[in-house]
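Student: In this note's numbering, the protein residues as written are 27 to 458.
Be a bit skeptical, because a hint or two may be false.
Below, in silico cross-link-like pairs of lysine to aspartate or glutamate (EDC-like), each with a Cα-Cα straight-line distance of 20 Å or less [said to hold, decoys possible]: (1) K411 / E427; (2) K409 / E427; (3) K451 / D408; (4) K193 / D153; (5) K343 / E353; (6) K437 / D153; (7) K405 / D352; (8) K193 / E236; (9) K319 / E341; (10) K319 / D270; (11) K289 / E73; (12) K437 / E455; (13) K237 / D204; (14) K380 / E398; (15) K324 / D349; (16) K409 / E455.
Quick caveat, the hints were computed from the structure, so don't treat them as lab data.
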Amino acid sequence: MAKLRQNIAVKSKLSSTLKSWLPILQSPINELEDTLNKISEDNPYIEVQSALSTSLQTKLSPLKAPQRGMHSTKNSIGDKIELLTIYEKSLIETLQEQINPPLFPTKRSQEIALNIIDNLNSEGFFDCDMDKFIDELKHTGIECDIIEIERIRSRFCHLEPSGIGAKDLQESLIFQLDASDLDGSDYDIALQIIRNLENHSKYRKYKNYEKIMKVISRFRRMPSLEFQEDSSIVIADIIITQEDNSIELSLNDTYYPSMIIDKPLSKNVQDDPYFKTKLKEARDLIDALDMRKATIRKIGLMIIEYQYDFFTGGEIKPMKLKDLADEFGHSPSTISRAIANKFLECNRGIFPIKSFFTTAIDGDTSNASIKEFLTELIKNEDKNKPLSDIKILELIEKRFELKMVRRTITKYRKQLGILGSSQRKKMYEISI
27 MAKLRQNIAV KSKLSSTLKS WLPILQSPIN ELEDTLNKIS EDNPYIEVQS ALSTSLQTKL
87 SPLKAPQRGM HSTKNSIGDK IELLTIYEKS LIETLQEQIN PPLFPTKRSQ EIALNIIDNL
147 NSEGFFDCDM DKFIDELKHT GIECDIIEIE RIRSRFCHLE PSGIGAKDLQ ESLIFQLDAS
207 DLDGSDYDIA LQIIRNLENH SKYRKYKNYE KIMKVISRFR RMPSLEFQED SSIVIADIII
267 TQEDNSIELS LNDTYYPSMI IDKPLSKNVQ DDPYFKTKLK EARDLIDALD MRKATIRKIG
327 LMIIEYQYDF FTGGEIKPMK LKDLADEFGH SPSTISRAIA NKFLECNRGI FPIKSFFTTA
387 IDGDTSNASI KEFLTELIKN EDKNKPLSDI KILELIEKRF ELKMVRRTIT KYRKQLGILG
447 SSQRKKMYEI SI
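Please construct the entire structure, taking both the sequences and the accompanying hints into account.
Tutor: The structure is reproduced here in structure tokens:
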């Protein structure tokens, strides 16, 4: 009977802690302090002390995009702000990641494209003096003329964000038109409208005028706009550091608030039932915060175990939310909410924790494996006869011994930023 009472007491304590644990666990780390304050707002005996002496905006200055050919070096865990702060991918990084074959098939074309990116203005336009630009390229060992530069810059119409790298607004709209679904006579009329935008109403008699204007109205007037509007700072919960052959995990405890229990001095107050109830709630809250740390650490360790190959340069393997849910004794939906809006930083970059839970296509094959194979196929395809989505489907089904549908291949190709076979053929034809 005594053992039964003990088990009930332990279960009761755990249940009361779990009431606080779930909302605390599900809170992004930058909102953790607000969550704790909300839960404890009616408890006069607990104080939530902020981990930051100043706001995020003044404590953390925006990080610059890394320069080509340079690698950031990280010091010890003690250098917390530099090591534990992550940021949203910049426009420069986003563009640099797209300077690859087949759009830029040679080292020379890639270097010229990267230099074009370095000379974009804050709005995303290439408005620098061409003579000075050619002179800059000479200093890097590249001798070229305006014709070659313009041929390479014209391929920017296939980059995201659409319209980037144009010389002015009109050319930016034309870049976006080239990347749109308009074709045939609709494309021709749209091109005329863009070149005479102030008098677009003169084309009103054209049967598809409304359709064309609807497409044009969605074009960006400033190619870099989306990167200027969103300046939010994202903070990692889990930090993975690698030295030699070791992988170490640490939590970003820099942003964890401290909680202080303030006991009243009066003995009468301490014996009051209200005080005892609030004291228990305060202790449960501290236990819940400790449970959050332990849970996040365990999630990180499981990711390292399941995705070890990824951290050493391989691909993400299938990992199901159910694997994590079974480990913690909760439903997959609860775990899904728990890891939402949480991030992991490692030497390969910054990743949402959810990205490590790839969908298993079949057995040990993940969609990440399919995408990697697809990329290799395109990289090595016959430039005179690019692979169609149907042919890619056949090769993937043969390679992985599974059945898929063509629309899935098309979806993956678009997610990877790979053009269709006919568009790739055109790009190969103008490649140097």
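Student: Now, for every hint given, state plainly whether the structure supports it.
Tutor: Hints and how they fare:
1. The suggested pairing of K411 with E427 is violated, with an alpha-carbon distance near 25 Å, which exceeds 20 Å.
2. A distance of roughly 27 Å separates the Cα atoms of K409 and E427; the hinted pair therefore is violated under the 20 Å criterion.
3. About 10 Å separates the Cα atoms of K451 and D408, which keeps this hinted pair within 20 Å; it holds.
4. Between the alpha carbons of K193 and D153 the distance comes to roughly 5 Å, so the proposed pair stays at or under 20 Å and holds.
5. Note on K343 and E353: the hinted pairing holds, with a Cα-Cα distance of about 18 Å set against a maximum of 20 Å.
6. Annotation: proposed proximity of K437 to D153 is violated, straight-line Cα distance about 35 Å (limit 20 Å).
7. Taking the CA atoms of K405 and D352, the gap is about 40 Å. The hint is violated against a cut of 20 Å.
8. As the CA atoms of K193 and E236 are separated by approximately 28 Å, the hinted pair breaks the 20 Å bound.
9. With a CA separation close to 27 Å, the supplied pair K319 and E341 exceeds the 20 Å bound.
10. For the given pair, K319 sits about 27 Å from D270 by alpha-carbon distance, which is inconsistent with the 20 Å threshold.
11. Proximity of K289 to E73 is assessed by CA-CA distance (about 11 Å); at most 20 Å being required, the pair is judged to hold.
12. As the CA atoms of K437 and E455 are separated by approximately 25 Å, the hinted pair breaks the 20 Å bound.
13. Note on K237 and D204: the hinted pairing holds, with a Cα-Cα distance of about 16 Å set against a maximum of 20 Å.
14. A hinted pair counts as satisfied when its Cα atoms are at most 20 Å apart, and K380 with E398 qualifies at roughly 19 Å.
15. Taking the CA atoms of K324 and D349, the gap is about 12 Å. The hint holds against a cut of 20 Å.
16. Of the pairs offered as hints, the one joining K409 and E455 holds, with about 8 Å between alpha carbons and a cut-off of 20 Å not exceeded.
Checked against the numbered hints above, the structure violates hints 1, 2, 6, 7, 8, 9, 10, 12; every other hint is satisfied.
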